[in-house]
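> For chain A, the structure is supplied; the task is to place chain B on it using the hints.
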Amino acid sequence: MSASRQPGETSALRAPLFFAVLALLLVIEGVTSGWNSALGILNMGLLSAIMALGVNLQWGYAGLFNAGAMGFLALGGIAPVLISMPPTPGAFRAGGMGLIAAFAVAIIALILAAQVWRKLRIRGRGLLVTLILIVGFFAYRGLFDPAVAAIEAINPSAAGNLGGLGLPTLVSWPVGALMAAGAAWLVGKTALGLRSDYLAIATLGIAEILVAILKNEQWLDRGVLNVNGIPRPWPVPYEIDLQNSASFVKMAQGWGMDPVLASTLLVKLAFLVLFLIVVLLLIWASQMALKSPWGRMMRAIRDNEVSAAAMGKNVTRRHLQIFVLGSAVIGLAGAMMISLDGQMTPSSYNPLRYTFLILVMVIIGGSGNNWGAALGGVLIWYLWVKAGDWGPDIMTMIAAPFPDGGLKEHLVDSAAHMRMLVMGVLLLLVLRFSPRGLLPEK
Amino acid sequence: MDVINALVAITNYVIIPATAYGAQLALGALGVTLVYSILRFSNFAQGDTMAFGTGVVILITWGFQAMGISFGPLPTALLALPFGIVITAALLLGTDRVVYRYYRVTRASPVVMVMVSVGVMFVMNALTRFLIGVDQINFDDGARFVINARQWREMTGLSEPLTLRSTQLITVITALIVMVALFWFLNRTRTGKSMRAFSDNEDLALLSGIDPQRVVTVTWIITGALATIAGTLYGLDKSFKAFTYFQILLPIFASAVVGGIGSPVGAVVGGFIISFSEVGLTYAWKKVATYLIPGWEPEGLVQLLSTDYKYAVSFTILILVLIFRPTGLFRGKVV
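Those protein sequences? They're chains A and B, same order as listed.
If you use the UniProt record's numbering, the first sequence corresponds to residues 1 to 442, in order.
If you use the UniProt record's numbering, the second sequence corresponds to residues 1 to 335, in order.
Next up, chain A with everything else stripped away, as it sits in the complex:
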């Protein structure tokens, strides 16, 4: 990898040019399909850009392959549910203490087992550790099951979960980042320092498990029943309030716009401004980090681990650090995405969309270049959405000469899977012919 990662000659105009093309694509989308659609793509694209910035920290700065971005994203998404939803009345009294006790027992059992394993050097410590874990597990289940049953019995059709703390939504964003960072620390601690692809396998696993937890633990987030009506972050208004406000309706009419359309556009613009601030702050921070001695050290480690270790750098620690940081950024994006959607739907997390597509964004945008990752995030998201629209049209055209019947129907039906093919081929082409991406690392 080292040979292809050396700085090369690129024009200073390259980045502005690509961003201009992107802006043009979005303007065309706005003119042809309406500004609501264009702003929708841009907002989700900016969230993808944040995810890509997180993955870029891991893959671009350090060469770590995180195959579980989806898991950290989903974990971050739980933060708005737990922080900004109003609490379910009576839920904490019914089972809160039981849950806390259960988790305390589990943590104590784990710590005890680890201490026994580490400190005692006697024969049969394996047996003792197993015994502690088994007793701990049953004690945990004994406390946990009744508490969960009590919570899920409260108003099951509308709640049945703990609810949140009722704090402002903006607070939940950094909390989401912290939660993802915690999980990343646990995974990184075990899988880093071993062979490079063990991290990929371990993250692949933790992602599946985190999403399984979100799908099944009803006391936490109502599982597949979804949590709706998650409050919006502070400055973003609600469409219905705008439409009911006489001054807004008058203003919209003053611009010659339909008040309903104007309200949806204004909401999207408010999200856009918020997201843009976060993206720019993140890019600024990542750029500063990259230029600092710390950033140079990270790149030195990535390009040659052996020589960096010989220079006295603790490679495993640095890897853990950047893995946690990158996952925190992904968790932040997860929390932001849930407050944009206003609902938590655990069954919508799909690894192809939320793990592997993000990797495609980073690699095509330019591994190691933050502007590249951001560009890749928005551009690939745009292509992903549009490939879904164009696929059926193109396929209908291809299938036109065939007689009506099974084959034609099959071809048109399969068009929806076109974007998988497009993404796979794009990824392979970029890896092969332009491994440094659209905006190469400087």
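I should point out that these hints are in silico values taken from the structure, not numbers from a laboratory.
Note that the structure is a prediction, hence the values are computed from the model and not measured.
Careful, some of the hints might be misleading.
[Unchecked claim] Quick list of the computed label-pair ranges, beta carbon to beta carbon: (1) 394/A - 196/B: 24 to 32 Å; (2) 27/A - 306/B: 47 to 55 Å; (3) 128/A - 294/B: 45 to 53 Å; (4) 389/A - 136/B: 22 to 30 Å.
C-beta atoms are modelled at their ideal positions from N, C-alpha and C, and glycine is treated no differently.
Then chain B, alone, in the frame of chain A:
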């Protein structure tokens, strides 16, 4: 009597399903481990290769069924299997020629190879979906049971039922044949030995005149065969759905790592360790407990983990192995 009933219940709900599932995992893990030891990267496209192979087999099975060809009491899919293997192996060889070879020649780092396999995964995923769609498909035909519950009751007079589905028996027998053939091939034939030499020390193998291209070609053909067989058996036993094949990537990787990635014996043992832990921990032990402990009627299901968390089992085992013995049980490749 109760003890026998308890044993029958365990056999019926744990041992038989876990053995069949373990055999499927073992075949998948063998594919991963072979690619790892010869081509030196973790193949993320393995799950989707299995899905593709199974998709081809299903299409050919439908063709046979339409032509009225059947395999007697055995599923027609077994008859279609060789054709599926040929097509899948051809696809893998094509992929190697177009995609992987460049990185092998330029000696790209393993993590880049893994990323490349993600690209291949996307493409295979799309191909499978073009080919057969995303819906759940049942394609088993022929006799459904070797022993059904009624026969069992008449045979033994026990109150506890035991069923053995034909697909489970076929899975285990096929897997056994494939494994014996593979180990014979690796240990006894010239090509197999050259593959092992190549895996142990590439430079030395090249010096002794082993043709690397031949080794790579044979590896991909075997991987294609293993993936198609594993996928078809899994599909016969449960059902075919493209997305589940992506999901069993995790238990397959866990099997390979637990056994020691790069070690074929390890892959087989790992597959059974993962499958027995998964089925054992997610099985509701209530029935067995009632048989064994007279006078005790458990309140709940006595299920250690809900079935939704079966992947947590593979993951936990994986993490434990990474902490305590990163080379796996059978000392796989260097860490």
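> Would you mind marking each hint as holding or not holding in the structure?
Against the structure, the hints come out as follows:
1. 394/A - 196/B: 24 to 32 Å: violated, 48 Å
2. 27/A - 306/B: 47 to 55 Å: Between residue 27/A and residue 306/B, where Cβ atoms are some 50 Å apart, the hint holds.
3. 128/A - 294/B: 45 to 53 Å: violated, 31 Å
4. 389/A - 136/B: 22 to 30 Å: holds, 27 Å
Consistency note: the structure conflicts with the earlier hints numbered 1, 3.
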